[in-house]
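Dock chain one against chain two, each of which comes alone in its own frame, and use the hints as you go.
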Amino acid sequence: MTGRVARGLVFGLIVAIVLVPLYWMAATSLKSNKEITQEGTLYPQDPSLDNFRKLFAEKEFGHYLLNSIVVTGVSVLVSLVLGSLAAYAIARFRLVLRLERRIGLALLTVRIVPAVVILIPVYLLILKLDLLDTWLGLIIIYTALNITFVVWMMESFFREIPTDLEEAAMVDGDSRLSAFRRIVVPLAAPGLVATAIFAVIVTFNEFLFALVLTATPDAMTMPRGTATLIGRIDVDTASMAAAGVLGALPIVIFALIVQRHLVRGLTLGAIK
Amino acid sequence: MHGGRSAVKERRQWAGFERALPYLLLAPAVLVVLAVLVYPLWDGIKASTDFYRFGRPIESVGLENYTDLWSDPQFRNALWVTVRFVTLAVAIETVLGLALALFCASELRGVRFLRTALIVPMVITPVVVGIVFRLIYATEAGMLTVVSEKLGGDPVLILSDPTKAFLGLVVLDVWEWTPLMFLILLAGVQSLPVEPIEAARVDGAGAWRTFVDHTLPMLRPVLAVAIVLRTIDAFGTFDQVFVLTRGGPGEATRLVSIYGYDTAFKFQQVGYAAALFVTVGLIVLAFALVAVRLLRRVETA
Numbered sequence: 070m071t072g073r074v075a076r077g078l079v080f081g082l083i084v085a086i087v088l089v090p091l092y093w094m095a096a097t098s099l100k101s102n103k104e105i106t107q108e109g110t111l112y113p114q115d116p117s118l119d120n121f122r123k124l125f126a127e128k129e130f131g132h133y134l135l136n137s138i139v140v141t142g143v144s145v146l147v148s149l150v151l152g153s154l155a156a157y158a159i160a161r162f163r164l165v166l167r168l169e170r171r172i173g174l175a176l177l178t179v180r181i182v183p184a185v186v187i188l189i190p191v192y193l194l195i196l197k198l199d200l201l202d203t204w205l206g207l208i209i210i211y212t213a214l215n216i217t218f219v220v221w222m223m224e225s226f227f228r229e230i231p232t233d234l235e236e237a238a239m240v241d242g243d244s245r246l247s248a249f250r251r252i253v254v255p256l257a258a259p260g261l262v263a264t265a266i267f268a269v270i271v272t273f274n275e276f277l278f279a280l281v282l283t284a285t286p287d288a289m290t291m292p293r294g295t296a297t298l299i300g301r302i303d304v305d306t307a308s309m310a311a312a313g314v315l316g317a318l319p320i321v322i323f324a325l326i327v328q329r330h331l332v333r334g335l336t337l338g339a340i341k
Numbered sequence: 446m447h448g449g450r451s452a453v454k455e456r457r458q459w460a461g462f463e464r465a466l467p468y469l470l471l472a473p474a475v476l477v478v479l480a481v482l483v484y485p486l487w488d489g490i491k492a493s494t495d496f497y498r499f500g501r502p503i504e505s506v507g508l509e510n511y512t513d514l515w516s517d518p519q520f521r522n523a524l525w526v527t528v529r530f531v532t533l534a535v536a537i538e539t540v541l542g543l544a545l546a547l548f549c550a551s552e553l554r555g556v557r558f559l560r561t562a563l564i565v566p567m568v569i570t571p572v573v574v575g576i577v578f579r580l581i582y583a584t585e586a587g588m589l590t591v592v593s594e595k596l597g598g599d600p601v602l603i604l605s606d607p608t609k610a611f612l613g614l615v616v617l618d619v620w621e622w623t624p625l626m627f628l629i630l631l632a633g634v635q636s637l638p639v640e641p642i643e644a645a646r647v648d649g650a651g652a653w654r655t656f657v658d659h660t661l662p663m664l665r666p667v668l669a670v671a672i673v674l675r676t677i678d679a680f681g682t683f684d685q686v687f688v689l690t691r692g693g694p695g696e697a698t699r700l701v702s703i704y705g706y707d708t709a710f711k712f713q714q715v716g717y718a719a720a721l722f723v724t725v726g727l728i729v730l731a732f733a734l735v736a737v738r739l740l741r742r743v744e745t746a
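So the protein sequences, as listed, match chains A and B. Numbering (the working numbering) for the first sequence: 70 to 341. Numbering (the working numbering) for the second sequence: 446 to 746.
Isolated chain B, as found in the complex (with noise of 0.2 Å):
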């Protein structure tokens, strides 16, 4: 120390340093953020009024990528196809996951083991969940097929056939995300209080009604959450598509991600993509706004 003056410069610096750190820590992290994501964003935003393809000059179009949008029959199946394809999906890997759950919650040790096996679909890479129903799905020496033959049997077709791949990509989502909704939604269950419960079984209540009147709205925090973050996930899916199907045959399981890109990067109609991309982004991000407010309605009834 040099004296007292200097002492009190030092403490009055370190105290600014206080003040300034949580600034410091939080800059990084928000300018990598702004810069690779936030600015992107705004940056497509921009694209999507431009008329451009790749080599070409770029020529300010409006809103007019929009409107042609929604007149594009292509665009307006791909969203249909998302649509049914996220509603069944989640639809049924929500009553299985919950089915399991509530079968399972009071059997520990079998969990555990279940747990292993169940934990490999969903950190598998899409990419090879992409083949590995390929490889079942194939018309020549598929397992299908296969099994089928050594039944007797005539070959199996599921991704020539429209209706089929649909279902078989609908088969492919449920296998590999039920895992998750599982585990979630048992991690729920066995938060849950027994004391309502048991005191249902006591009054001579019947297994169903206890589940609608006492477990079900206790559960409905967790499987609300649990529905939202799976339904808008699987709105994004293009991996397992991109490897099965293509979003064929004809225009079957093209779902909108992979609608997008062919655009984008096989049509090299980038300002087009960039709308639809857009587009897609603000129907997510609305029904994530509904959703979190129907939830908060739900939790302060």
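Extracted from the complex, chain A is given alone in its bound form (with noise of 0.2 Å):
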């Protein structure tokens, strides 16, 4: 009995832990700047949704998410699609040289790189193709950034699949493509699945790549639009907790929604 109390106490405190910080920036969201510096109170007094109305009405919000959503949906397609094809030969064909391993492991090799290394190189490139500050800036690197995860995914899940389904299919009169489509891809759909939700998160949350190849709200995804307006100087604390918030939502009930198939990605991708 008295391990069950304990066991509780110990749950209360980790969900206290994790949730106490995104509580004082929800309600430091809902009060006035007055309230926040002259009263200093614990919980939102007269709570509004001013500070959300000012960002909405003066900043450039909207564009923010709109970029956010084409840039992050774009490139998540992009990569699902030819990173599956890439890991169904990897995990299928045997090819010259041993082409199929070396090309595996050379895709995790430039995967481990942190992506801070490629920065400089990457901004050069986009530069000279003349694509600062538009989407499909963004979109060619981030879906480049997405296969190499794509593939060393996939490719697990294909591996998993019985080849004898699709070799009984190709007897049937179905062509090696005709099989993957019918038979394979429908297999490997969970996996899709939690491989297409864990690149969105880490595509939608990107920071990096966005501060350095954006300037100006037609290009700026939320993390890069958020981190703008509390750079400045005369932002106030109001203002600063409303972004935080809004820069969170989106994600945050994405991820709320898929939880089942997020928490298995997360593991497997990490045990694989």
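By construction, these hints were calculated from the structure, which means they are not laboratory data. Be aware that a few hints might be false.
Claimed, not checked - No more than 30 Å apart at the CA atoms, straight line, and that leaves these computed lysine-lysine pairs for BS3-like:
id : chain 1 : residue 1 : chain 2 : residue 2
1  : A       : K128      : B       : K711
2  : B       : K595      : A       : K197
3  : B       : K711      : B       : K491
4  : A       : K103      : A       : K128
5  : A       : K103      : B       : K609
6  : B       : K491      : A       : K197
7  : A       : K103      : B       : K595
What the hints assert, rightly or not - Selected chain B positions facing chain A (Cβ under 7 Å, derived; list incomplete):
id : residue
8  : T570
9  : V572
10 : A586
11 : V688
12 : V729
Unchecked claim - Just the calculated beta-carbon pair ranges, DEER-fashion:
id : chain 1 : residue 1 : chain 2 : residue 2 : range
13 : B       : R742      : A       : L196      : 43 to 49 Å
14 : A       : R251      : B       : Y511      : 50 to 56 Å
15 : A       : R251      : B       : D513      : 57 to 63 Å
16 : A       : L201      : B       : V735      : 51 to 57 Å
17 : A       : L146      : B       : R521      : 20 to 26 Å
18 : B       : P662      : A       : L205      : 23 to 29 Å
19 : A       : S225      : B       : Y511      : 37 to 43 Å
20 : A       : Y92       : B       : L727      : 41 to 47 Å
21 : A       : A85       : B       : D678      : 41 to 47 Å
22 : B       : F558      : A       : A126      : 36 to 42 Å
23 : A       : T178      : B       : D658      : 34 to 40 Å
By construction, the Cβ of each residue, glycine as well, lies at the ideal position given by its N, Cα and C atoms.
Structure follows, in structure tokens:
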């Protein structure tokens, strides 16, 4: 009995440690600046959405959100298609020079190098292509970064599918590609979903390349716009908190909706 | 079909396509990665041997940027801060994550509820995590100051004190990433066979001995992978620091990523910054290689 009480207490403590910092940001976003600086209250006395209204009226948060959705959506979709095809080739075929193994290993190595290492040359490349401050500039780099991840994840999902099923379909007259489409893809769907979710979260949250490659609300993503806003000297605490809430909301809502797949993807990806 | 000969020809063409298929499947992904990640890497290595600033003629300086780097006290400080940050944060996250995973392994209903809460820190935008902790640490009207004053104390100074700011950054990282450690290790703990542990218990071994002699050795592969992944990831930490302290006060929280960014985009020393990032990349790669080799040895032993 005491064991159960102790366990409950520990669980409660953990949840509190996770939630209290978030509560503080949310509470601050609902206070006025006068209340924040002069009264030092623990919860909003007179909660209002004024801070949010101000952000949407003066700042470009609608743009940031749109840019984030387009850039994330396109790059995740493209990398999922290209990455899955490559992963299937690596998982199923033996190529000359054991190319399938070498390419898999090379992609993993590229993935290990922290993204910050290629920051400057990527900046120079996008500058040369005249794609600074555009959706396409971000989409190109995010697609490439995602591909290394998609190949790595999907390869192991494809390997789990027994080859008999495709071979049976091919005996029955399917070509390799139609067997892939009709048999393999549906079976790998849970893996695809987990991979896509993970890629969406990482891409939506990306900041470093967005910081360097975008400069105006035409292309700035949510994290980039949020950081710019709170980097201004005249920013007040209330706006900062509201910007934080807005910046976090889309991806947190997304993650909570898909959380069952998310936990599987996270832990699978790490253990494999 | 137009007679036997063309059918044979068609079949032969089809066989050729079948043979080329895997290469065709691989090509688009490989080309994109080559063009967008590998070519820039090569370009970066080339740039690292140049002395140039935006808008000035480039001159080649060979390896001078690299030798300069090692005598640059600011770089050595940044590297030292990074190593301290990564070691401390990952160590705390591992111990906390492991303790929690063991504690929760037998409790499935509570864990499901706990999981929902734990997802939030690791999926929330890192830039926003920086904001969350700035609102906590702020001297004026920050959460710590408000609570302290409610209890009759003084305002709390975190971000203006070098040691406290550094520890504050570690706390941020622990808050953000212990959940991932926990979830990975929980999956690891739950996949362990129960027999050896129960046998040890029947033999009268205490909880601690059972843990050290049986649970820990069986868990080592998962533990090692989790630590390596987290270490590599932590080495590239940028967003949170950019928002929380920008590397300050002084150089107390200036990680290599922040110093490299400032060198390139604030001080416009592109070649020097490229050399810095190549060096950082080599350090991380060397760490990963050593870690993988050690892992293999553990697995075969």
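Exercise for review: Starting from the hint 41 to 47 Å, judge whether the C-beta atoms of Y92/A and L727/B obey it.
Suggested key: holds, 43 Å
**Study point:** L146/A paired with R521/B, Cβ distance criterion 20 to 26 Å
**Key:** violated, 44 Å
Practice item. Evaluate the given range 34 to 40 Å for the C-beta pair formed by T178/A and D658/B. Key: holds, 37 Å
Practice item. Using the Cβ atoms, figure out if S225/A sits within 37 to 43 Å of Y511/B. Key: Given a distance of about 38 Å, which is inside 37 to 43 Å, the answer is holds.
Review point. Are the Cα atoms of K711/B and K491/B separated by 30 Å or less?
Key: With a Cα-Cα distance of about 21 Å, the restraint between K711/B and K491/B holds, given a limit of 30 Å.
Review point. Do the numbers back the hint for T570/B, that is, is its least Cβ distance to chain A under 7 Å?
Key: holds, 5 Å
Point to revise | Agreement of hint V729/B with chain A interface, Cβ distance less than 7 Å | key: holds, 6 Å
Practice item. Given the hint that K595/B pairs with K197/A, test it: the Cα-Cα distance must not exceed 30 Å. Key: Between K595/B and K197/A the Cα gap is close to 56 Å, so the pair fails against 30 Å, i.e. violated.
**Study point:** Per-residue hint verdict: V688/B, partner chain A, C-beta under 7 Å
**Key:** holds, 6 Å
Point to revise | Supplied contact hint for V572/B, tested at 7 Å Cβ to chain A | key: With a minimum Cβ separation of about 4 Å from chain A (threshold 7 Å), the hint on V572/B holds.
Practice item. Could you check if A586/B really has its C-beta closer than 7 Å to a C-beta on chain A? Key: holds, 5 Å
Practice item. With a cut-off of 30 Å on the C-alpha distance, tell me whether K103/A and K128/A pass. Key: holds, 21 Å
Hint compliance for this structure: hints 2, 16, 17, 18 and 21 are broken, all remaining hints hold.
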